[in-house]
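J.: Take a look at the letters that make up each chain.
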Amino acid sequence: MSTLPAPASVYRAKEGLGLWEHRGKVAAVGIGHSPTFRRWDGTPENSVGGISLEALRRAMDDAGANPADIDGLVMDPSTTTGAFWPKGKPLPWEAINAYRRTDDPLDGITGLSAEWILANMPELTGIGFTTYGVGCMSNAICVAAQAIGDGRAHTCLVLKSWHNLEGRYYQGGANAGEAIPGSSAIRSLWGTPACFGTAVQFAEYCRKYGKSHDMMAPFIENSRRNGLKFPEGYWAQHRPEEITPEDYAAARWIAKPANLFDNDLPIMVSAAYLFTTAERARHLKQKPVYILNHATSRTRPRSLTPTLDEVEEDTARTARKIYEGAGITADDLSFENMYDGFALFHQFHIEGLGYRGLKFGEALDFYQTDIGISGPNPVSPSGGNIGCGRSRFWMHTDCIQQIQQRAGARQVTGVKPEIAVSGGPMPVGGNYMVWSATPD
Amino acid sequence: MPFARKRAVAVDRIIVVAFNAPFRLEDSGEGMKQGVDPDDLTRPFWEAANEHRLVIQNCAACDRLQHPPARSCHQCRFGDSLEWKEVSGRGRIYNYGVVHDCPIRLLQEDQPFNVAVIMLDDDPGIQMYSHLSGTPVDAVPVGADVEVVFEATANGQKVPEWRVVAQER
Chain A
1 MSTLPAPASV YRAKEGLGLW EHRGKVAAVG IGHSPTFRRW DGTPENSVGG ISLEALRRAM
61 DDAGANPADI DGLVMDPSTT TGAFWPKGKP LPWEAINAYR RTDDPLDGIT GLSAEWILAN
121 MPELTGIGFT TYGVGCMSNA ICVAAQAIGD GRAHTCLVLK SWHNLEGRYY QGGANAGEAI
181 PGSSAIRSLW GTPACFGTAV QFAEYCRKYG KSHDMMAPFI ENSRRNGLKF PEGYWAQHRP
241 EEITPEDYAA ARWIAKPANL FDNDLPIMVS AAYLFTTAER ARHLKQKPVY ILNHATSRTR
301 PRSLTPTLDE VEEDTARTAR KIYEGAGITA DDLSFENMYD GFALFHQFHI EGLGYRGLKF
361 GEALDFYQTD IGISGPNPVS PSGGNIGCGR SRFWMHTDCI QQIQQRAGAR QVTGVKPEIA
421 VSGGPMPVGG NYMVWSATPD
Chain B
1 MPFARKRAVA VDRIIVVAFN APFRLEDSGE GMKQGVDPDD LTRPFWEAAN EHRLVIQNCA
61 ACDRLQHPPA RSCHQCRFGD SLEWKEVSGR GRIYNYGVVH DCPIRLLQED QPFNVAVIML
121 DDDPGIQMYS HLSGTPVDAV PVGADVEVVF EATANGQKVP EWRVVAQER
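Residue numbers (this note's numbering), protein chains in the order written: chain A, 1 to 440; chain B, 1 to 169.
These aren't lab readings, by the way, just hints derived from the structure by calculation. These numbers come from a predicted model, not from an experiment. Note that beta-carbon positions come from the ideal geometry of N, C-alpha and C, so glycine has one too. Mixed in with the good hints there might be a few duds.
To be verified - Not close to chain A: a few residues of chain B, all C-beta gaps over 10 Å, as computed:
1) Trp-46
2) Arg-53
3) Asp-63
4) Asp-80
5) Asp-145
6) Ala-166
What the hints assert, rightly or not - Reference listing, derived: stretches of chain A covered by chain B, where coverage requires no fewer than 3 residues with Cβ under 8 Å from a Cβ of chain B:
7) 180-192
8) 249-260
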């Protein structure tokens, strides 16, 4: 039987649920990353299937886990950055036939099923539970944490992978046509790029609070600086270029007030984590990082794009869910790694959290202070998507590594890394995780 | 401001399309929006636009407008009471962005262009997008009053657009 998405009931999407029933009883113990690439080079080993196998094996090796002891696999079957295999283009049979296939020849090329993974990882002899956390790594880790807590698996691989093909994304298909279906046209006729909604929210934020786009420069500079200290990231591996405030000011607009550096770069990459019970974690190689809670926002905006009011209401609601289930307050956060894959909404996330006492409208002033990894108020120490390329998982990896004290040159030094929060993607609609050095 | 000029031409042409002759693609000129193929869910919206009326989906049971249209009411979750309600065609500019990197091929030569978010007077929670024909690029009067106009797309289907009628309230 094919693997199915996890039911909506798995996610902790409501307020008032109290402490998470599995608080401190699930832990992350292993991390595996593939190399990064801007686009697929056509080789089997660098296909999305190939890099996924590499990430999964690295995660098990990192944890010192025996593959035969793994009994769960949670992943996202969607891998597209926006790129799809063009209609009529010959299929890449050399790469397809380099692995054991499923019924879909593009499985492992422009998508990824659990069945493909299991067919190509014969060492995983004990898998009895597979499910999909559809969307991002943020979905998959919530699903995996709940599954382990519920006893559906005791040791689980969690996987998210991305493919990127040649050509500019979102430029083909319906966007190149003379006419589009009426349901799509309601939103799409005006030619807005993906960052448009965030750009409008940011414009309203600046109008309401008297801020300006140039005040984002320290955040962008900090993100890229941190990203260049993330050896698994794209910019560190391929283009070690810092961004100065002058670079930021001169960047071309995508949808003003969102410019090129406010948008992330689509890449190919895969990451896997190994989650297990707190009890089993004690016997593995790495220091366990305990999960205190997972939380979800499933809020639907009233109309085409969330207003600033809707964003602020929802980020505050999300924060209440995060804190309630974890049994913590904003004061307990050592650092934050909320999503940034549009840079212009990171402040919505951290204002909602009340990180370092921030209230709505204050984050851009906060960015003008010391937000670096050596100071008392680290912001996005992972560098996020802006510093490492589009994956939506650097933030999670960084939380685990920081708490394990193995973030290398990126290690926070101005705070003791004890409790951190990460998640996203959107401020309205996302999934979040609270990580801790101790189970209580 | 090439986009503003072209948009103005396109809106003027609506009169010809509406009263004199069937629309022909070769009349469309540059910079028109993609054509629209109405589907079952949205057909009443597009048919009304061709009649220069703005209708929005409404749940009669909840007395609540919703847009984009959906198969069921987002509040009560039922679809039985969904209807199409004509609204005033007046609104206000919430805020805007200026698109410099557009994914739609037909619009790319008109970059950069405004896209404003319009909030309807009938219910400010309901939004529509607008290129704001005649408004210079990046000079959108946030908070200004707007009224609906109807513009032909590449296949002759008309679409609600908006123009500024008064500055900020």
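J.: Each hint: holds or not?
T.: Each hint tested on the structure:
no., hint, result
1, Trp-46, "violated, 5 Å"
2, Arg-53, "holds, 16 Å"
3, Asp-63, "holds, 15 Å"
4, Asp-80, "holds, 20 Å"
5, Asp-145, "holds, 17 Å"
6, Ala-166, "holds, 19 Å"
7, 180-192, "holds (count 12)"
8, 249-260, "holds (count 7)"
Hint compliance for this structure: hint 1 is the single one not met.
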